[in-house]
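> Per our numbering, the very first residue in the sequence shown carries number 622; after that it's consecutive.
Treat the hints with care, as some may be off.
[Said to hold, decoys possible] Listed next, the in silico PhoX-like pairs over lysine-lysine satisfying Cα-Cα at most 20 Å (straight line):
id	residue 1	residue 2
1	K664	K705
2	K664	K754
3	K758	K665
4	K717	K681
5	K754	K705
6	K665	K754
7	K681	K754
8	K675	K705
9	K696	K665
10	K758	K696
11	K675	K664
12	K747	K717
13	K696	K664
14	K664	K758
15	K754	K675
16	K681	K747
17	K675	K758
18	K675	K665
19	K754	K696
20	K705	K747
21	K696	K675
[What the hints assert, rightly or not] Label pairs and their calculated CB-CB ranges:
id	residue 1	residue 2	range
22	F740	K665	14 to 22 Å
23	K665	E703	12 to 20 Å
24	T698	T673	33 to 41 Å
25	N752	K717	26 to 34 Å
26	E703	H733	35 to 43 Å
Hints in this document: simulated from the structure, not taken from any laboratory. Note that the Cβ used here is the ideal one computed from N, Cα and C, for glycine as well.
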Amino acid sequence: MDSYIRKEATLIDNSGFSQTVSIEATITNAPITDSSRIIDENKKPFLLFDHTEKELIYNKEGLLTTTFRYTNTGKETLFIDELKSACYCLNVQWSKQTVESGDIGELTITVHPDDFPGFEHYFTVKSNHINGKQLLKLTMPL
């Protein structure tokens with residue numbers, strides 16, 4: 622009989638930044654015959670953001686902008702594959718697509734205020750992170 626497990630944990634790095642992650646798994650009672658297929662979760666890349674929600678601020682050109690800082694706290698190299706948004710309005714640039722263990726990078730988002738629909742917007746960071754993707758939130762200044 623198979624078992625389903627879902628666990629949530631809050632991870633805190635040395636600088637005090639925290640991020641909540643959810644891990645889901647189905648456990649089968651079948652014996653493992655090929656040990657090369659066992660994954661050591663402690664070695665997987667882990668993408669830790671300084672914040673998962675940020676308010677956009679006006680820069681000197683009158684555009685809205687913000688920066689998310691991230692660290693690979695895992696032991697293997699992290700690869701950022703895609704930054705996906707439902708809105709064409711976001712201009713997202715990242716400093717590193719490949720992030721070695723312990724390295725820090727930045728995602729900078731810029732948008733023209735007239736093109737930002739609504740008060741909040743989400744975008745997804747897809748990578749080889751243990752959960753595969755992460756959701757980040759942007760909000761307009763009041």
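> If a hint holds in the structure, say so; if it doesn't, say that too.
Tested hints:
1. K664 <-> K705: 26 Å, violated
2. K664 <-> K754: Status holds; Cα separation ~17 Å.
3. K758 <-> K665: 25 Å, violated
4. K717 <-> K681: 25 Å, violated
5. K754 <-> K705: Cα-Cα ~10 Å, so holds.
6. K665 <-> K754: The given pair, whose Cα atoms are some 14 Å apart, holds under the 20 Å limit.
7. K681 <-> K754: Violated. K681 to K754 sits at ~32 Å, over the 20 Å cutoff.
8. K675 <-> K705: Holds, at roughly 17 Å.
9. K696 <-> K665: 6 Å, holds
10. K758 <-> K696: Violated: K758 and K696 sit about 27 Å apart, past 20 Å.
11. K675 <-> K664: 29 Å, violated
12. K747 <-> K717: 13 Å, holds
13. K696 <-> K664: Within the cut-off at roughly 5 Å; holds.
14. K664 <-> K758: Violated: K664 and K758 sit about 28 Å apart, past 20 Å.
15. K754 <-> K675: Since the Cα atoms of K754 and K675 sit roughly 18 Å apart, the hinted pair holds (cutoff 20 Å).
16. K681 <-> K747: 31 Å, violated
17. K675 <-> K758: 6 Å, holds
18. K675 <-> K665: 27 Å, violated
19. K754 <-> K696: Measuring from Cα to Cα gives roughly 18 Å; hence the hint holds.
20. K705 <-> K747: With a Cα-Cα distance of about 8 Å, the restraint between K705 and K747 holds, given a limit of 20 Å.
21. K696 <-> K675: 27 Å, violated
22. F740 <-> K665: 14 to 22 Å: 35 Å, violated
23. K665 <-> E703: 12 to 20 Å: With Cβ atoms ~18 Å apart, the hint holds.
24. T698 <-> T673: 33 to 41 Å: Since T698 and T673 have Cβ atoms about 22 Å apart, the given range 33 to 41 Å is violated.
25. N752 <-> K717: 26 to 34 Å: Violated - the Cβ-Cβ distance for N752 and K717, about 19 Å, lies outside 26 to 34 Å.
26. E703 <-> H733: 35 to 43 Å: Violated - the Cβ-Cβ distance for E703 and H733, about 23 Å, lies outside 35 to 43 Å.
Hint check: violations occur at hints 1, 3, 4, 7, 10, 11, 14, 16, 18, 21, 22, 24, 25 and 26; the rest are consistent with the structure.
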